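K.L.:
Residue numbers (my numbering), protein chains in the order written: chain D, 11 to 450; chain L, 30 to 218.
Treat the hints loosely; a few may be bogus.
[Unchecked claim] Here's a subset of chain L near chain D, in silico, CB distances under 8 Å, partners left out: (1) 47; (2) 54; (3) 55; (4) 57; (5) 67; (6) 78; (7) 79; (8) 96; (9) 156; (10) 159; (11) 162; (12) 163; (13) 166; (14) 167.
Simulated from the structure, these hints should not be mistaken for laboratory data. All of these numbers come straight from a predicted model, not from anything done at the bench. C-beta: ideal position from N, C-alpha, C; glycine also.
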Amino acid sequence: MTATATEVRPGTTAARPAPGPLRTELRRGLGPWTGAAIMATILVTMYSKAPEWQIRWQDAENLLHPLAGLLCGPLAMAAGCLQGGRDRRLGAGELWASVPRSPLRRLLVAAAPSALWPAAAVLAGDAVVLLAVWPYASWGRPAVAPLLADAVAVGAMGLIGHVVGRVVRWRLMAPLLAVAGYVGFAYADFTASSWRWLLPSAQFSAAEYRQVWWYAPASAAWTAGLALACFLAYGLRSSRKRLLALVPLVVAVCAAAAILRLPADNGPWRIDPAAVRPVCADGAPRVCVIALDARLLPSLVETLEPVNERLRGLPGAPARWAVGRMAEQPGDVPLWDVGQDVVRNRIGDPVLYRNHAVMQLFSEECREGELAGPHAERTMDINHAVVEWLAPSPPGYGADVPGARAHLDRLRAKSPAEQRAYLVRYLAASSCRPDEVPVP
Amino acid sequence: MRLYLRSRAVPGALVMVLAAVAAAWLLVPEEGSPHARVPVLMAPLLVATAIGTSLHTASDELDRTAVRVWWPLRLGHVLVPSALAACLFALVLPGHPAEFGGSAAVRNTLGLTGLAAGAAALTGARTSWLPPVTYTAAVYLTPPDATAAAWWGWALRPAPEGAAWTVACALLCAGAALFARRGPLPVKG
Chain D
11 MTATATEVRP
21 GTTAARPAPG
31 PLRTELRRGL
41 GPWTGAAIMA
51 TILVTMYSKA
61 PEWQIRWQDA
71 ENLLHPLAGL
81 LCGPLAMAAG
91 CLQGGRDRRL
101 GAGELWASVP
111 RSPLRRLLVA
121 AAPSALWPAA
131 AVLAGDAVVL
141 LAVWPYASWG
151 RPAVAPLLAD
161 AVAVGAMGLI
171 GHVVGRVVRW
181 RLMAPLLAVA
191 GYVGFAYADF
201 TASSWRWLLP
211 SAQFSAAEYR
221 QVWWYAPASA
231 AWTAGLALAC
241 FLAYGLRSSR
251 KRLLALVPLV
261 VAVCAAAAIL
271 RLPADNGPWR
281 IDPAAVRPVC
291 ADGAPRVCVI
301 ALDARLLPSL
311 VETLEPVNER
321 LRGLPGAPAR
331 WAVGRMAEQP
341 GDVPLWDVGQ
351 DVVRNRIGDP
361 VLYRNHAVMQ
371 LFSEECREGE
381 LAGPHAERTM
391 DINHAVVEWL
401 APSPPGYGAD
411 VPGARAHLDR
421 LRAKSPAEQR
431 AYLVRYLAAS
441 SCRPDEVPVP
Chain L
30 MRLYLRSRAV
40 PGALVMVLAA
50 VAAAWLLVPE
60 EGSPHARVPV
70 LMAPLLVATA
80 IGTSLHTASD
90 ELDRTAVRVW
100 WPLRLGHVLV
110 PSALAACLFA
120 LVLPGHPAEF
130 GGSAAVRNTL
140 GLTGLAAGAA
150 ALTGARTSWL
160 PPVTYTAAVY
170 LTPPDATAAA
180 WWGWALRPAP
190 EGAAWTVACA
200 LLCAGAALFA
210 RRGPLPVKG
């Protein structure tokens, strides 16, 4: 018996084994381009809205979720559709049939780029966005499960698109899927029923809320189950095992049933008591924010300091500025969510914020019939003058109230002691009863 | 000519253009509705994708052996359906003319079709829908503020804004010229 040995000449290398078909499919064709398009969509869109989310983990995630469902999902579906029709367009059916693999396995290899690239691109885009939030987030940590559910949903839509592309021979099918998916999701998101929580694009934008723990896995089971059912129904259509497609379908239906039991308004979102815990700075009046915005406290204290300086120690002055959604106490001046006014942990326009805060300090809800009579207009003028004196509005903002000018001039002309005395009398009066409001 | 139109599935694309116009006409929301921009943006997008995908030819190599001058046919292929759709939108779409009425739909038809034609020349006609779809979706989800808007958010700007029209017309001219000169990029598969 003789044996031949293949000699490898010195200086040459042995031929590399051919890469597996899955690896080749993933590296070539439309998959990488789809991934790049999806990642670019996420990054460009998020970049254009950076001031809105680069402050809290929750704000970033609340934007990433509809972005993945509304933009990336239909895009993945359309790209999957294009990929699904590839073999038919190339006339590669006979070549595939000659491969000693089952139809389902062949389909799995061909469909892998349609599902995996979009899902990977969503995760990569999410990671970049979260890294951009990291230096500025005050509290908590990113919720990973909803982001994973988003990636699963986008991958599932890519898979469904692939199956549609295999079944439908129409060159307009891919763009039509993209447009119809986009318009359909956008319209459905406006419905006020529990059905909208089944959508991968359902929007919710309150940072103080967090999802119930089971929603992300149930949502992933719903989208992945539906896509797998389509995939198996197509891949096993000529096999005895085709009833296997019912298994993921049952899982999807069970997950959908659980999601549909959620309330229509807030759905899976519950307020997070730890996030709305007040965190206060020393001083009078105190400046308090919710734990979610703890890093903003120094900037807020600095912004409100000129007003606090004038209010400090006065009878009737507020006890604290309560910034954000926290349990109200007597002596509080509730200020709205600061998220819209902050750019990377700094108040965007401190003068405007201070002016709005003082307007809120003197805003009083009057009952019907109050704030009437001969002095009502004068009271509104005085109110405007006091606000402008304590915290002038920035140029270009605020209404020009001619009647307030004289009051403002008189206020400014007073000595500091007289100004304090007037402010005490003004704070003691109710602007709903015009006769009580002192004239400067 | 008939062979050219049939080889590009132009009749099907024209049906799609008419369907998009009809959908925009039937689905016009009430004034002030949050969906007011949808027909003005999505119907032109459908028109652009229909025209863009119709630029594909299965006989590209054969076509290039012909002695005839191709650019007038290619230019007509982009401009005639766009003009038809633009006229129909102007006729059927009411809405607030200063905001998102028929003239905004005309502008978006021109701009998005130009984008699709340019993409057909650069990346192939099968994927020519990708840039207009991605652009439209991104700009709709994140409407740009007024300062930077007219240039990159032209499709969402109110109709009378000159800068938005300039961008849309420039896109149509560039896209149509590029396609007329180079034809669709031949892509297999």
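K.L.:
Please go over all the hints and tell whether each is borne out by the structure.
P.N.:
Taking the hints in turn, this is what the structure says about them:
1. 47: violated (13 Å)
2. 54: violated (16 Å)
3. 55: At about 14 Å, which exceeds the 8 Å cut-off, the nearest Cβ of chain D leaves the hint on residue 55(L) violated.
4. 57: violated (14 Å)
5. 67: Cβ of residue 67(L) sits 7 Å from chain D, so the hint holds.
6. 78: It holds, given that the least Cβ distance between residue 78(L) and chain D is near 4 Å, below 8 Å.
7. 79: holds (6 Å)
8. 96: Check failed: Cβ of residue 96(L) comes no nearer than 28 Å to chain D, outside 8 Å.
9. 156: holds (7 Å)
10. 159: holds (7 Å)
11. 162: holds (5 Å)
12. 163: holds (6 Å)
13. 166: Cβ of residue 166(L) sits 5 Å from chain D, so the hint holds.
14. 167: Nearest chain D Cβ about 5 Å off; hint holds.
In this structure, the earlier hints numbered 1, 2, 3, 4 and 8 are contradicted, and the remaining ones agree with it.
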